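Let the sequences and hints guide you as you build the complete structure.
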Amino acid sequence: MGQILDRLNGKEWKRKQVKLITDRVYDRVSNQSGRLTLTFDDLYIAVLLVFNDINKHLPGPHFDPPSKDHVLDIMKECDINLDGGLDREEFAKFIKKLTAETFVVVSQGLLLTLVVAPTLAMATKRATEGVPHVGKVVQKVPNAVFASLVTLAVVWIQQSQHEAL
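Just so we're aligned: 62 in full-length UniProt numbering is position 62 of the sequence shown, and the numbers increase by one with no gaps anywhere.
Derived by calculation from the structure, the hints in this document are not laboratory data.
One thing to keep in mind: the hints can contain errors.
[Stated by the list, open to error] Once the Cα atoms are required to be at most 30 Å apart in a straight line, the calculated DSSO-like pairs of lysine-lysine come out as:
#, residue 1, residue 2
1, Lys96, Lys68
2, Lys19, Lys136
3, Lys16, Lys140
4, Lys125, Lys140
5, Lys97, Lys68
6, Lys125, Lys136
7, Lys76, Lys16
[What the hints assert, rightly or not] Simulated restraints, written as ranges between beta carbons of each label pair:
#, residue 1, residue 2, range
8, Ala100, Phe40, 16 to 22 Å
9, Asn143, Asp73, 34 to 40 Å
10, Gly84, Trp156, 42 to 48 Å
11, Lys97, Trp156, 29 to 35 Å
Only a predicted model underlies this, so the values are computations on that prediction, with no experimental measurement involved.
Here a beta-carbon is modelled for each residue, glycine too, at the ideal position from N, C-alpha and C.
Okay, structure coming up:
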């Protein structure tokens with residue numbers, strides 16, 4: 001439940017996740033190549049690692065990495081000093097630009113889960129009023145508890161589907 005509440009912070013949570021992923025990947029790729037700037041080949045490996053981490057750690061559907069042409073176009077935009085490689089700051093800007101659409105999808109999924117699921121739970125609770133035996137039990141459960149249980153069930157189902165892919 002704490003992870004769900006942490007995700008409610010929205011933009012700050014996304015920035016923190018992107019920073020953690022970006023720093024870890026940059027360090028890994030730059031240590032393997034022995035350079036402080038990432039060339040195109042290093043950069044594409046880093047992109048694959050970033051999208052792997054995004055697919056592992058963030059809720060939502062599977063995101064395919066972009067094409068090499070798209071990566072090259074964004075690399076040219078982010079290479080401020082025009083040295084043909086990206087340093088740590090340029091890499092962070094590159095990843096932010098590259099993953100902007102991805103985080104919109106993740107945000108929409110969180111909105112669906114955290115707003116629509118409780119609303120659906122309350123509608124379900126009202127619909128069970130006329131069902132013998134079940135309706136009486138459901139009506140005894142406080143609204144907040146019932147909404148939380150349904151929301152957690154939706155999150156669990158989403159994560160189960162995500163892990164199955």
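Checklist entry - Looking at the structure, which of the earlier hints fail to hold? => result 2, 3 and 9
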